[in-house]
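Asks: Same order as they appear, the protein sequences are chains A and B.
At the far end of the first sequence sits residue 272, using the working numbering, and the numbering has no gaps.
At the far end of the second sequence sits residue 305, using the working numbering, and the numbering has no gaps.
None of these hints come from the bench; they were simulated from the model.
Being a predicted model, the structure only gives us computed values, none of them experimental.
Take the hints with a grain of salt, since some may be wrong.
[Claimed, not checked] Derived lysine-lysine pairs resembling PhoX-like cross-links, with alpha carbons at most 20 Å apart:
1. A:K17 - B:K300
2. A:K15 - B:K109
3. B:K109 - A:K17
[Said to hold, decoys possible] Distance windows between CB atoms, simulated:
4. A:A36 - B:I86: 27 to 33 Å
5. B:F143 - A:S13: 42 to 48 Å
6. B:I86 - A:P188: 38 to 44 Å
No residue lacks a Cβ here, since even glycine has one placed at the ideal position from N, Cα and C.
Here's the letter readout for the chains.
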Amino acid sequence: MFKSISLKEKIIIQSILCILGVIYIVPLANVVVSSFKGAGIGNYTYLFTSGFPIGRMIFNSFVVSIAQVVLIVAVASLSAFAFSKIRFPGRDLIFLLITLTMSISMICFITPLFLTMRTLGWMNSYRALIFPAATFWMPVGTLILKNYYDSMGTELLEANMIEGGGFFTAWYRIYAPLSKPAAVNVVVFAFINSWNDYLNPLLFSRTEEMRTLPMAVVSLTSSIYGARPEVVFACLVIMALPSVFVYLLLQDQLGEGMTAGAVKG
Amino acid sequence: MFKSSSGSLSRMKTQETISGYLFLLPLLIMMGTFVFYGLFYVIRLSFYRWDGFMPETMVFRGLKNYLQLFTDPVALTAMINVLIFMVVTVTVQMFLGLIIALLLRPKLQGSRFFKALFYIPVALSTAVIARTFMGLYEPYFGVLNTTLRAIGLESLTRTWLGDPNTALWCIIAANIFQWTGAQMVFYIAGLTTISDGVFEAAQIDGAGFWSTMGRIVWPSLWSTHTTVIVLGMVGAIKTFDIVWLLTQGGPGNATQFPATMLYQAVAQNSQAGYGAAISVVMIFFSVVLAVMQIQFNKRKQEG
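All chains, full assembly: derive it from the sequences and hints.
Replies: Here's what the structure looks like:
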């Protein structure tokens, strides 16, 4: 049915794909085409030169996303190694608690998060944009890396022990470097997730200078620029570029992470 | 000699325990601060009335927040909306994801392009998706109404997001567009476990397309179905961004979801206690779904 495919079946398959493809392309192309309406590339230069802090917002988005990715990969890799290769009382219980809380949305903790941020004095700072959101994505990263460590066996660990190495050297020198394929998944999906996150800046940033790009779209629409939708569409295109680029560049190396990336609703 | 070796063994055990907790320390500190503390806090807060700012305004009111929640007509709307949203998005994304995955399986020309195309919305921010769909729904210049006018169906044009009868469906359509690519990936992965031989054997037996689908393909994707369904349900409970960006729960309260009610209660109406009760109910359902997912995974591992 699939190996020996007839010409008729080929045509049917291709036409259905083309119809679905058109449905997907129309809304996306509408954005790109609209972003050039009127002044053409001028819409983009206007966005950067009209006084709207778009440059600052792009910078913020990069700072926040890169910091989150580094934090998530480092902490998730350490934790995943402990869950997979170190035996200690309470381990399975902690792992269970983490997987159980994984599906809870950050918005459920809005009041305690506000209080914590106020107590720490983090409101409207990079720390507020980085730490809570990274924490909520960490269990996903931990799970992806743990599955990978589980598949690696304990021989390398034992060899390292015989040579007198501890767990840390085993993780740092052997397991972490070998887990690169899984780590790539974590990096890509943590980046895309963080880059796209709208709730995080909605809750924790208070001034235009501390907003990230998803909020920029909203600020633009509700400000005087809203009267020029083509400028808003230019902002959408700029915003979409990094995450789509990262995905297209690394799509062949993305395995199970692609499905894990969908954990976020 | 025996003693010393068992002594060093238990020393090694202690060392292993210490290492284990040291490795988990960063995760435990962060989860503790932002998740577990929050969990205990909202459970406690759900029994109080509080404006969210002044500590002295906090008043114990027992189960009244929950009573208020279960008798609030807006909460009922939110409940119905999230159920409709859940059933429709999960079902459509499942079938569409599976169909696309099946169509991409023979790896015909252009398959790579289509796969990337269908996945791109997953890589986009909900803010981008929302603004994109506003461009379609916009009443005067939007693609939808313009097209309807052009083909003479003027009577069907409407303010899509401003009409309580269509607003929820607009949100659902945007969500299906955004996430079908993710379900497609699950099914592509699931289909790799079925060998071409299975399809060919069915063909030799004289089984038609539909009976092959129904008897072989569908049942053998059992574990993919459960994952897709549970994750879709978890996502439905979390739904906030797309609603907030498109309608903010309106018009009226026609598109309220639990998360938008929660956000309005806490961030706009200073009802932190009532918001906490909404949180607790949402958390309860999220955890139930997580337990289901763990059970399904266990069954999968046991064969």
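Asks: Run every hint past the structure and note whether it holds.
Replies: Hint check:
1. A:K17 - B:K300: violated, 39 Å
2. A:K15 - B:K109: holds, 16 Å
3. B:K109 - A:K17: holds, 10 Å
4. A:A36 - B:I86: 27 to 33 Å: Given about 30 Å between the Cβ atoms, the range holds.
5. B:F143 - A:S13: 42 to 48 Å: Cβ of B:F143 to Cβ of A:S13: about 45 Å, so the range 42 to 48 Å holds.
6. B:I86 - A:P188: 38 to 44 Å: Check passed, 40 Å falls within 38 to 44 Å.
Against the hints set out earlier in the document, a violation occurs for number 1 only.
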